[in-house]
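Q: So the protein sequences, as listed, match chains A and B.
According to my numbering, the first sequence is numbered sequentially starting from 3.
According to my numbering, the second sequence is numbered sequentially starting from 3.
Simulated from the structure, these hints should not be mistaken for lab results.
Backbone N, C-alpha and C define an ideal beta-carbon position, used for all residues, glycine too.
Do not rely on the hints blindly, as some may be mistaken.
[Claimed, not checked] The calculated EDC-like cross-link candidates involving lysine to aspartate or glutamate, where the alpha carbons are at most 20 Å apart (straight line), are:
{"id": "1", "chain 1": "B", "residue 1": "Lys-137", "chain 2": "A", "residue 2": "Asp-235"}
{"id": "2", "chain 1": "A", "residue 1": "Lys-115", "chain 2": "B", "residue 2": "Glu-36"}
{"id": "3", "chain 1": "B", "residue 1": "Lys-106", "chain 2": "A", "residue 2": "Asp-24"}
{"id": "4", "chain 1": "A", "residue 1": "Lys-16", "chain 2": "B", "residue 2": "Glu-100"}
{"id": "5", "chain 1": "B", "residue 1": "Lys-209", "chain 2": "B", "residue 2": "Glu-134"}
{"id": "6", "chain 1": "A", "residue 1": "Lys-135", "chain 2": "B", "residue 2": "Glu-232"}
{"id": "7", "chain 1": "B", "residue 1": "Lys-16", "chain 2": "A", "residue 2": "Glu-185"}
{"id": "8", "chain 1": "B", "residue 1": "Lys-316", "chain 2": "B", "residue 2": "Glu-232"}
{"id": "9", "chain 1": "A", "residue 1": "Lys-115", "chain 2": "B", "residue 2": "Asp-24"}
{"id": "10", "chain 1": "B", "residue 1": "Lys-50", "chain 2": "A", "residue 2": "Glu-49"}
{"id": "11", "chain 1": "A", "residue 1": "Lys-50", "chain 2": "B", "residue 2": "Glu-88"}
{"id": "12", "chain 1": "B", "residue 1": "Lys-115", "chain 2": "A", "residue 2": "Glu-88"}
{"id": "13", "chain 1": "B", "residue 1": "Lys-209", "chain 2": "B", "residue 2": "Asp-108"}
{"id": "14", "chain 1": "B", "residue 1": "Lys-16", "chain 2": "A", "residue 2": "Asp-108"}
{"id": "15", "chain 1": "A", "residue 1": "Lys-137", "chain 2": "B", "residue 2": "Glu-134"}
{"id": "16", "chain 1": "A", "residue 1": "Lys-316", "chain 2": "A", "residue 2": "Asp-235"}
{"id": "17", "chain 1": "A", "residue 1": "Lys-316", "chain 2": "A", "residue 2": "Glu-297"}
{"id": "18", "chain 1": "A", "residue 1": "Lys-137", "chain 2": "B", "residue 2": "Asp-20"}
{"id": "19", "chain 1": "A", "residue 1": "Lys-135", "chain 2": "B", "residue 2": "Glu-100"}
{"id": "20", "chain 1": "A", "residue 1": "Lys-4", "chain 2": "B", "residue 2": "Asp-24"}
{"id": "21", "chain 1": "A", "residue 1": "Lys-316", "chain 2": "A", "residue 2": "Glu-304"}
{"id": "22", "chain 1": "B", "residue 1": "Lys-115", "chain 2": "A", "residue 2": "Glu-36"}
{"id": "23", "chain 1": "B", "residue 1": "Lys-4", "chain 2": "A", "residue 2": "Glu-134"}
{"id": "24", "chain 1": "A", "residue 1": "Lys-106", "chain 2": "B", "residue 2": "Asp-24"}
{"id": "25", "chain 1": "B", "residue 1": "Lys-4", "chain 2": "A", "residue 2": "Glu-100"}
{"id": "26", "chain 1": "B", "residue 1": "Lys-50", "chain 2": "A", "residue 2": "Glu-88"}
{"id": "27", "chain 1": "A", "residue 1": "Lys-214", "chain 2": "A", "residue 2": "Glu-285"}
{"id": "28", "chain 1": "A", "residue 1": "Lys-4", "chain 2": "B", "residue 2": "Glu-134"}
{"id": "29", "chain 1": "A", "residue 1": "Lys-50", "chain 2": "B", "residue 2": "Glu-49"}
{"id": "30", "chain 1": "B", "residue 1": "Lys-135", "chain 2": "A", "residue 2": "Glu-134"}
{"id": "31", "chain 1": "A", "residue 1": "Lys-50", "chain 2": "B", "residue 2": "Glu-152"}
{"id": "32", "chain 1": "A", "residue 1": "Lys-4", "chain 2": "B", "residue 2": "Glu-100"}
[Stated by the list, open to error] Per the computed footprint, the stretches of chain B lying under chain A, defined by three or more beta-carbons under 8 Å from a beta-carbon of chain A, are:
{"id": "33", "region": "7-18"}
{"id": "34", "region": "35-42"}
{"id": "35", "region": "303-317"}
[What the hints assert, rightly or not] Examples of chain A residues lying across from chain B (beta carbon under 7 Å, computed):
{"id": "36", "residue": "Leu-43"}
{"id": "37", "residue": "Ala-46"}
{"id": "38", "residue": "Gly-47"}
{"id": "39", "residue": "Arg-48"}
{"id": "40", "residue": "Ser-57"}
Residues per chain, in single letters:
Protein chains: 2
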Amino acid sequence: MKSHILLSHGGGGKLTRDLIRDRFLPAFSNPYLEKLGDSALLLAGREKITFTTDSYVIHPPFFPGGNIGELAIYGTVNDLSVSFSEPLFISTGFIIEEGFPLNKLDEILISMKEACIRAGVQVVTGDTKVVEKGKGDGIFINTSGIGRVEEEWLPQTPPTAGDKILLNGTVADHGIAVMTTRENLPVESEIVSDTAPLNLLILPLLKQFPGKIRFMRDATRGGLATVINEIVDHTLLGSELWEESIPVREDTQALCDLLGLDPLYIANEGKAVFIVEKESGEEILEFMKTLPFGENSSVIGELTPRHPGRVILKTPTGGGRILDIPIGDQLPRIC
Amino acid sequence: MKSHILLSHGGGGKLTRDLIRDRFLPAFSNPYLEKLGDSALLLAGREKITFTTDSYVIHPPFFPGGNIGELAIYGTVNDLSVSFSEPLFISTGFIIEEGFPLNKLDEILISMKEACIRAGVQVVTGDTKVVEKGKGDGIFINTSGIGRVEEEWLPQTPPTAGDKILLNGTVADHGIAVMTTRENLPVESEIVSDTAPLNLLILPLLKQFPGKIRFMRDATRGGLATVINEIVDHTLLGSELWEESIPVREDTQALCDLLGLDPLYIANEGKAVFIVEKESGEEILEFMKTLPFGENSSVIGELTPRHPGRVILKTPTGGGRILDIPIGDQLPRIC
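Okay, chain A solo, but in the shape it has when bound (with noise of 0.2 Å):
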């Protein structure tokens, strides 16, 4: 039994899953709260919208790519697109650590502008606190987002066997940008974080396919393996995903071989999993490669009637590999 919070806990796989499900469902039980979605989908009068809550805790604040203030920026934007919303309102909580520079404070501001423009934002509430040194770890910055809902951008049917899954690009990139950061690592990278405000490229998709897309979810902590097991996790849908068809950047392959990590369980900010009706998947392919943040966009498997509750990632000789939700995350505080 453990008795104390572990950093795994904090990590978006099974000890995460456990702690949600056995801590904070049982205390905040309601139906909004139980769809476990990127965002509540709410009802605001005669209005559907959308909200959201992400703490940013990534160490270290300044990455390859990025730093913790667009990051905070574009992760609640994606949440909120990922749940069929156009983003709109966006609050900030800081929590600094006392002696954190000041200028290095203006740069991180200063980069939420940029995002809040380029996304389309507004930050229009927001909190700090001070703690002494000691007591944090620099910044730390919570964001929380409304977005607001269409009904018919909503899926007209949940997802189902045979529906394509189409990912918008490489993986792994942001973990391993922050990695080679963080840990000093003797190489030469060009690796960049991927972060992105993703509703520039899902907005056009609901507005151009409305009801077509039947789940979608940004690959954050986790990575790619553990989205696809959140999908299929307690369903009678299996899912397969083919190998030669999830995009890896050479570099970043490379770098995982050599520190024996699966690009598929690491962190991505710019990336997301489409699940869309076998019929239309080709067609949404096509368009998402004219958006933004699409160029790459490649169609990764399909859900499946086979193996329900499993993902089985396809090599290309044929076999086979099932791929579970590990434990805690490979990278601690990667976002």
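Keeping the supplied structure of chain A fixed, place chain B upon it in accordance with the hints.
A: Below, chain B without anything else, positioned relative to chain A:
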């Protein structure tokens, strides 16, 4: 020139105000944020909603009369309430330090659950992050919240000279209750935090006196004196408070004297200031006294055209002293 974050930047006083005005506002400049309200008043399609966020870093997390969990629920409920709205939905973002005892987490979750039931709100979305031992301080909780607004509840006119200032009970109990615990003071004290869901007081007021309340703010960080200063700061209005009409518990006052603290600057978690039109003042006060958390309400002063931007405390002997905005807070990490 300060180049690093100080504890006082989080204290709710001048340094917090400067941080917001000089750094946060320029970054996120927009009409919603510039109002600097306790919540943002937003338009979600055809509905008016409020949106607010607060991170709770209170030390210690368990204190006489409550813990960080219910504080995080009530604090956000109160921010939505003083923004003329009915609190509905709450998000929770936990940042937990590795090694935090799970039974303490359970205790916090149970009191959050009870707080939600009492306040009539639902936790609909959440997030949990874990940081390494020594990189946090037990547990930090962010809550954001959404409320709904009925047009008629909103003030018909802004605060004006002659308006009465109402307060719903004794000040400084929260800060002193936390302080006695934190410092292990060798005193027997029965002072407990006043943490409370003020929607139970405010909603009935809004329904009974729609449009008659001109401003509300809960007197948290920086206490009563700071809140009144925020109301008149940079306006053509001044404020006079009548010292003998501001309720302070005898034992709270005694501890303040002992510690050299001014109760008017000490944080509360269940007290709000109400600016109401002169003519309705007495009627509103009488109704407040019949409501939960309103029994000890009183008229504590009024807005005046004299000494604009200043808060003057009138003593029973006819003297007066200026209540200025403090630089930081007398007690850091009080919420």
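Q: Now look at each hint and say whether the structure bears it out.
A: Okay, the hints, checked on the actual structure:
1. The suggested pairing of Lys-137 (chain B) with Asp-235 (chain A) is violated, with an alpha-carbon distance near 33 Å, which exceeds 20 Å.
2. At most 20 Å may separate the alpha-carbon atoms for a hinted pair to count; Lys-115 (chain A) and Glu-36 (chain B) meet this at roughly 15 Å.
3. A hinted pair counts as satisfied when its Cα atoms are at most 20 Å apart, and Lys-106 (chain B) with Asp-24 (chain A) qualifies at roughly 15 Å.
4. Taken as a hint, the Lys-16 (chain A) and Glu-100 (chain B) pair is honoured in the structure, with Cα atoms around 17 Å apart against an allowance of 20 Å.
5. A distance of roughly 48 Å separates the Cα atoms of Lys-209 (chain B) and Glu-134 (chain B); the hinted pair therefore is violated under the 20 Å criterion.
6. Using a Cα cut-off of 20 Å, the hinted pair Lys-135 (chain A) and Glu-232 (chain B) is violated, with the two alpha carbons roughly 29 Å apart.
7. The hinted pair formed by Lys-16 (chain B) and Glu-185 (chain A) fails the criterion: a straight-line CA distance of about 40 Å is larger than 20 Å.
8. In summary, the hint linking Lys-316 (chain B) to Glu-232 (chain B) is supported, as the alpha carbons are separated by about 19 Å, within the 20 Å threshold.
9. Proposed proximity of Lys-115 (chain A) and Asp-24 (chain B) is supported: the alpha carbons are some 14 Å apart, at most 20 Å.
10. With a C-alpha separation of about 10 Å, the suggested pairing of Lys-50 (chain B) with Glu-49 (chain A) holds against the 20 Å cut-off.
11. Distance hint between Lys-50 (chain A) and Glu-88 (chain B) is fulfilled; the C-alpha atoms sit about 17 Å from each other, no more than 20 Å.
12. The suggested pairing of Lys-115 (chain B) with Glu-88 (chain A) is violated, with an alpha-carbon distance near 30 Å, which exceeds 20 Å.
13. Under the criterion of a C-alpha separation no larger than 20 Å, the hint pairing Lys-209 (chain B) with Asp-108 (chain B) is inconsistent with the structure, at around 37 Å.
14. Between the alpha carbons of Lys-16 (chain B) and Asp-108 (chain A) the distance comes to roughly 19 Å, so the proposed pair stays at or under 20 Å and holds.
15. Taking the CA atoms of Lys-137 (chain A) and Glu-134 (chain B), the gap is near 11 Å; set against the 20 Å cutoff, the hint holds.
16. For the hint pairing Lys-316 (chain A) with Asp-235 (chain A), the CA-to-CA distance comes to about 19 Å; that is within 20 Å, so the pair holds.
17. For the hint linking Lys-316 (chain A) to Glu-297 (chain A), the alpha-carbon distance of about 24 Å lies beyond 20 Å, and the restraint is violated.
18. Distance restraint check for Lys-137 (chain A) and Asp-20 (chain B): the Cα-Cα separation of roughly 24 Å exceeds the 20 Å cut-off, and the hinted pair is therefore not satisfied.
19. A distance of roughly 18 Å separates the Cα atoms of Lys-135 (chain A) and Glu-100 (chain B); the hinted pair therefore holds under the 20 Å criterion.
20. Straight-line distance between C-alpha atoms of Lys-4 (chain A) and Asp-24 (chain B) comes to about 46 Å, which puts the hinted pair past the 20 Å bound.
21. A C-alpha spacing of about 11 Å is found between Lys-316 (chain A) and Glu-304 (chain A), which places the hinted pair at or below 20 Å, so the restraint holds.
22. Distance check on the hinted pair: Lys-115 (chain B) and Glu-36 (chain A) sit about 15 Å apart at the alpha-carbon level, within 20 Å; holds.
23. Of the pairs offered as hints, the one joining Lys-4 (chain B) and Glu-134 (chain A) holds, with about 17 Å between alpha carbons and a cut-off of 20 Å not exceeded.
24. Straight-line distance between C-alpha atoms of Lys-106 (chain A) and Asp-24 (chain B) comes to about 15 Å, which keeps the hinted pair within the 20 Å bound.
25. Straight-line distance between C-alpha atoms of Lys-4 (chain B) and Glu-100 (chain A) comes to about 12 Å, which keeps the hinted pair within the 20 Å bound.
26. A hinted pair counts as satisfied when its Cα atoms are at most 20 Å apart, and Lys-50 (chain B) with Glu-88 (chain A) qualifies at roughly 17 Å.
27. For a cut-off of 20 Å, the pair hint linking Lys-214 (chain A) to Glu-285 (chain A) stands: about 11 Å separates their Cα positions.
28. As the CA atoms of Lys-4 (chain A) and Glu-134 (chain B) are separated by approximately 17 Å, the hinted pair is consistent with the 20 Å bound.
29. Restraint check: the Cα-Cα separation between Lys-50 (chain A) and Glu-49 (chain B) comes to about 10 Å, which is no more than 20 Å; the hinted pair holds.
30. With a C-alpha separation of about 15 Å, the suggested pair Lys-135 (chain B) and Glu-134 (chain A) falls inside the 20 Å cut-off, and the hint holds.
31. With a C-alpha separation of about 17 Å, the suggested pair Lys-50 (chain A) and Glu-152 (chain B) falls inside the 20 Å cut-off, and the hint holds.
32. Between Lys-4 (chain A) and Glu-100 (chain B) the alpha-carbon distance is near 12 Å, which keeps this suggested pair within the 20 Å criterion.
33. Closer than 8 Å: that is the beta-carbon criterion, and the region 7-18 of chain B has 8 residues meeting it against chain A, so the requirement of 3 holds.
34. Counting residues of the region 35-42 of chain B whose C-beta sits closer than 8 Å to any C-beta of chain A gives 4, which meets the bar of three, so the coverage hint holds.
35. With 0 residues bearing a CB less than 8 Å from a CB of chain A, the region 303-317 of chain B misses the requirement of three and the coverage assertion fails.
36. Interface restraint check for Leu-43 (chain A): the shortest CB-CB distance to chain B comes to about 9 Å, outside 7 Å, so the restraint is violated.
37. Residue-level restraint check for Ala-46 (chain A) holds (minimum Cβ-Cβ distance to chain B is 5 Å; threshold 7 Å).
38. The beta carbon of Gly-47 (chain A) is positioned within 7 Å of a beta carbon in chain B (closest approach about 4 Å), and the interface hint is therefore held.
39. With 7 Å as the threshold, the beta carbon of Arg-48 (chain A) comes within range of chain B, its nearest partner Cβ sitting at about 6 Å, so the hint holds.
40. Against a cut-off of 7 Å between C-beta atoms, the interface hint on Ser-57 (chain A) holds, since the closest Cβ of chain B lies about 4 Å away.
Taken one by one, the earlier hints fail for this structure at numbers 1, 5, 6, 7, 12, 13, 17, 18, 20, 35, 36, listed in ascending order.
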